[in-house]
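Whole structure, please, built from the sequences with the hints as guidance.
Protein chains in written order, with the working numbering: chain Z, 472 to 1019; chain B, 2 to 523.
Calculated directly from the structure, the hints in this document are not laboratory data.
By construction, the Cβ of each residue, glycine as well, lies at the ideal position given by its N, Cα and C atoms.
Fair warning: there could be bad hints in the mix.
Keeping only pairs whose Cα atoms sit at most 30 angstroms apart, straight-line, the calculated DSSO-like set for lysine-lysine is [claimed, not checked]:
1. Z:K881 <-> Z:K976
2. B:K361 <-> Z:K479
3. B:K273 <-> Z:K602
4. B:K348 <-> Z:K613
5. Z:K602 <-> B:K348
Facing chain B, according to a computed beta carbon distance under 10 angstroms, are these residues of chain Z, among others [as the list claims (entries may be wrong)]:
6. A482
7. H485
8. K602
9. P604
A few chain Z residues that don't get close to chain B, going by computed Cβ distances all over 12 angstroms [stated by the list, open to error]:
10. L486
11. G591
12. A593
13. W606
14. G931
15. D932
16. E942
17. L966
18. R997
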Amino acid sequence: MLCDTSRKMKANKHLLLWSSLAALGVLIWAAVDENFYRDWRVIQRQVRARLLPSQADAFAIRLRQIVSRDTGATDRCVSCHVGMAPGESGIEGDRLYGRHPDVVHDPASFGCTVCHGGQGRATSTADAHGKVPHWPEPMVPKEYSLAGCGSCHTHLSVPNLAELQKGKLNFEQADCLACHRMDGRGGTMRPGGAGGQEGPDLSRVGATGFKQDWYEHHWAQKKKAATGPWVSAFGDLPPAQRGAIDEYLRSRVGAPGLVEGKALFHMPELTAVGNKDPGQVSFAQVPGERSVANWLKQHFRAPASVVHRSGMPELGLTERQIDQLTFYLLSLRRRTSGETLWPKDRIRAERFGAREFATDGATLYGTFCAACHGQKGEGMRYPGLPEFPAIANADFLRLVSNDFLREQIKQGRPGRRMPAWGASEGGLSGEEIGRLVTYVRGLGAVPFEGDSQPRRWAKGDLAQGEKLYTEVCASCHGDRGEGKVAPALNNRVFLNLATDTYLYKTIQNGRSGTSMAGFGAGSSVRRTLTDAETASVVAFIRTWEGKK
Amino acid sequence: MNQAAEKPNATEPPASARFIENLKAFPNRLADTMFRTGRPQSDRTRATFVFGNVFLHLHSVRTHQWSLRWSTTWGLGIATASCFFILLLTGVLLMFYYKPYPEVAYLSIKDIHFVVPTGRFMRNIHRWSGNMMVVLVLLHMARAFYTAAYRAPREFNWLIGMALLVMTLGLSFTGYLLPWDQLAYWAITIGANIAQSPREVTDALGITEWFDVGGLQKLILLGSEDVGEEALIRFYLLHVMILPLAVVLLMAVHFWRIRKDGGMTRPADAEKRLGSRVDGVYPVFTAAPEKTYSLAAIVKGRTAAVGEGPEWTLPSMPHLMFAEAAVFMLTIALSVILALFLDAPLKEVANPAVPENPAKAPWYFLGLQELVAHSAFMGGIGIPSIVLIGLALIPYLDRETEGTGNWFGGPGGGPLVFRSVIVGLAAVVALEALVIRFGWLRQWWPATPQLVVTLLNPGTLLTVLYAWYSLWCLRRFDSTRAGALALFTCFVCGFIVLTVIGTYFRGPNWDFYWSPSQWPGH
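Written out as structure tokens, the structure is:
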């Protein structure tokens, strides 16, 4: 028994000894790791080793951070990228450990993650770069780093790409690059002759503003000069060209890629693409790097290959366009920062309701209408969906007034795919709708033929009208006019806006290019409706007015 | 005064010398005074040290040899208490940096993880010993059950132990919300919805409007309709103050009662099985001790030690102390090793607009969540209540004495437990397989009223099956203990299987998947 007791005691003592040693060992290792092997410590030691001796002495190994109350940044990125910490220079000329390149916003006061994304509070490489699970905002890839601008500059007045390129072309044709620098190009000549002052860099002129009378100003300068570029390079510009150049200058905010990507987004052939939560996307079918950028690119190339049963069509984009769109989507990482920091475009858009892209008819149409009604108003067919009507159809435009179009856009077709776009619903102002109407009218280039009749004039035999409707119309428009392959006729807004003349003439003449043939003319396959019969059908259709 | 100064004692050295001497003696004196009765160097001084020390006197001076066997307790109780101690220590450290306010809370955890010296390590330790404490408290309860340690006179201590179990789960659950990440937010949302689940019954009866006990429970838990800042501050207060205080209090009572109830349970033939007595090594108390029992005269009843020779005991110091210290250090070692290698999870910041799919409760509630999928009320409230009430009643229903202190003791014994494991596992696996493969009432008859599903769902069916089997055992062995052994074992099996299914095999929309790699990407 004695030996049993002491054996047990000994076993307990051993257990105590070894578990104490294990705990102690772990604690020591944790302390060593904490004090010597944290990522930022290792990197700072390496940086110090590469510094000049005089600098190395002043270089302290410690955590560094940029805290900005305004942008809400607590960014410890500078613990590794030490050269970018306020008041430090790091390794001269080194891209990672040297100074931050000169940019519009000083990183010392704005922080890093505002533009670059990533996890500012982290102090280990993978965590900081956001390449870990559960950090929703990985760093913006360096080739897209200007997309970071979009997080605050959520609203940039940008025309669509065609307009933008027209402006750029004009700018270059007018030889502005001779004296001015623009996005890193041009500016080789000195307007005042050799040794004279350079022409101002215009890369950010959209943000800083420019004189509205720059043309007159230039002209005055040209008159004063006798020789040099003022005489040789500057010439007469017609107002249209000046307007295009103005538009182009307004878009120059120091982030050409962002502007181009956004401009492309507003091109008529592109539909709106939803923003995805990057934490939720599946990379199973994405070849290459597992980054959001790569996912987006593959998604633009072949939507269905990354998103199972995606309804998005393959857009047939060029690689460059794919790049620009990826760039644009990456810029949609809006941030909530204090309004005092908001750029003026954003305030204009969010507080004064100004639209963030140019509001000419073409851009509006491209952004809001083209996806369904086609780039030229020719209508669209998507697999599995009824056809979207061709609104540039001459037979249609001939019969509708501009008021019809305006009200139609404003009120939409309740219960159907056409939403209401009025100021209180879809957010288009009356003026913008007016521009859209003009643009749509221009697409078909057909004026309203006019209507001398009152809005409601059709009278007829309702019973006959119903019989005829069931016989010839219901197969496409539905038994109760609810619409099948053809548009719904019992729609409240439609019945209100369509005059009897519109209905009558559409039945009689049909609509070319669609399955709706005219019932007034003879046909070997379908019944012909007499004038009285047509009027009866119209009168019958009217009976739905006011009903559900 | 002056006179005294003029006549210094000739035999005494001068004051300056005495001062130096006292200074030299200070370390020894400090030790002596610290131990009150002198340093514990002999068995007697060790004994006086144990009962003279405010912490150690929770132990009796001498410990029965049976209690010192590893297999008596496996040290589970001490390990649980050690976890609690570690949690207190690391928890207080975390409180220096943690800020209980939505968003800010998340950022403060990020700071603790990335910047605070040893912050990540401390948080990991806190997390792992928290989980270990839940596991250990369950194992400790199983140990107490299987050795029939709940029997007289320890019935009430079993109840205190159960209260401690519930509080441990409460502590873990309240701590779950504090990081304010997606994991936390949606786990607590599920928990809160479970609290609201009596509404399922009141809705079915159409009386929610007048009697919304579910809604009230959720409101009390969250302080609001949704998990928000009110819930966070509430959970924080519970986690760092109310529950720890209550646990400390109850733990003190729990420990104190162990001693007052006569130490560890031991079988009646413990002494025989221990073999020959240790003679001559330790002082053997005489049958007629020279001790007065003045207190015994005014206190009714008798203590557990009366009439029993203390010869089978060993001095608690050092025997028990070393055992306890060993378990304590082993627990610490385990939690720091886990903490070194495995980081506590932290997901995206809580976002009420983006529900997690699947949103899972803390792991120890996943068995319940598996049942909740059918009936929130039965899975979340009904069956847990039945289980808790059943556990609480065990010591009062099982008044037998056979097998006390033995593992799986009692009529039926080990073979019965083994058969119960088979029955328990088979029932739950078969039922789950049926539900996963063929669905349940709603999939068969979509119009089934909620009240029917509430009464008849896999959870209730399993409970009835287990109860029926346990009754059968009770009658077969003609023993309540046999019934209890069967029922407890079955429920443990059910708990484990359901928890494993809920943890590893449930994916988005609570659908069954063999592995997370099969979860749909979108």
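Verification of the hints:
no.	hint	verdict
1	Z:K881 <-> Z:K976	24 angstroms, holds
2	B:K361 <-> Z:K479	44 angstroms, violated
3	B:K273 <-> Z:K602	65 angstroms, violated
4	B:K348 <-> Z:K613	25 angstroms, holds
5	Z:K602 <-> B:K348	13 angstroms, holds
6	A482	8 angstroms, holds
7	H485	8 angstroms, holds
8	K602	15 angstroms, violated
9	P604	8 angstroms, holds
10	L486	4 angstroms, violated
11	G591	9 angstroms, violated
12	A593	5 angstroms, violated
13	W606	7 angstroms, violated
14	G931	49 angstroms, holds
15	D932	48 angstroms, holds
16	E942	41 angstroms, holds
17	L966	39 angstroms, holds
18	R997	46 angstroms, holds
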